[in-house]
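Letter 18 of the sequence shown, counting from 1, is numbered 18 in my numbering, and no numbers are missing.
Hints are supplied without guarantee of correctness; some may be wrong.
Stated by the list, open to error - Quick list of in silico lysine-lysine cross-link-like pairs, DSS-like style, CA-CA up to 30 Å:
id, residue 1, residue 2
1, K141, K167
2, K141, K155
3, K155, K82
Since the hints were derived computationally from the structure, they do not count as laboratory data. Treat the numbers as computed from the prediction; the structure is a model and nothing was measured.
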Amino acid sequence: PVVAIYSTFLQRALDQVIHDVCLQNLPVTFALDRGGVVGDDGPTHHGVFDLSYLRFIPNLVLMAPKDENELQHMLFTAIHHKGPAALRYPRGQGEGVELSDNLTEIPIGKAELLREGNDILLLPIGNRVYPAMEAAAGLEKVGIDAAVINPRFVKPLDSDLIIAWAKKTGRVVTIEDNVRMGGFGSAVLELLANNNLSHIRVNILGYSDRFIEHGTQEILWHKEHIDGPAIINGAMELMDAPA
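Using the sequences plus the hints, can you model the full thing?
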């Protein structure tokens, strides 16, 4: 079965997600619309908590696509997965990419290296991938060589790929359309700490500990420092910081 629901509406069903689905490891797919800020729908509908409140649930696979083509492959993956899975995607239009005719399963926990680089690693999740790629191009103009990984999965993380490039660059910027507390960036910090890599410098870009007001997505992404220019600034802060 597929549960198609707004991110904020699933908040009130968290007990059912835990006890009626995940505890029994049932093959239920949660398709979360309006993940991230939602613009005209206003503060009550900003889906900025789901990466945090779903990440801690055992048995649940959690993913976020970079575009509409990856979304359809993730939905295909979730439906064929033998346990519970959730995918969250934003309100609005897609990126305008071509859609694949044939759907394939994405290996669970497998990320995608989009760009190699030696100086810093950008880890954007979901709809922050394209802004991060634009930021990497901007950083290149000022002599900073940024690697970009599309994690795809918040849980499980692609530990091998993330650790390898975090070690290579020594600097990591995570970007999410979600609160910072307990979200994707927190998962990356836990991964590094558990592998004795706490010396790697990390900058987490996401929403602070407050409720976000009404506004267009573009205005809020800019105001909350998760758009392309903010990603460049976040990377520059790490490049300028003493080792």
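Consistency of the hints with the structure:
Proposed proximity of K141 and K167 is supported: the alpha carbons are some 24 Å apart, at most 30 Å. Restraint check for K141 and K155: the C-alpha separation of about 34 Å exceeds 30 Å, so the hint is violated. This hinted pair checks out: K155 and K82 have alpha carbons roughly 15 Å apart, not beyond 30 Å.
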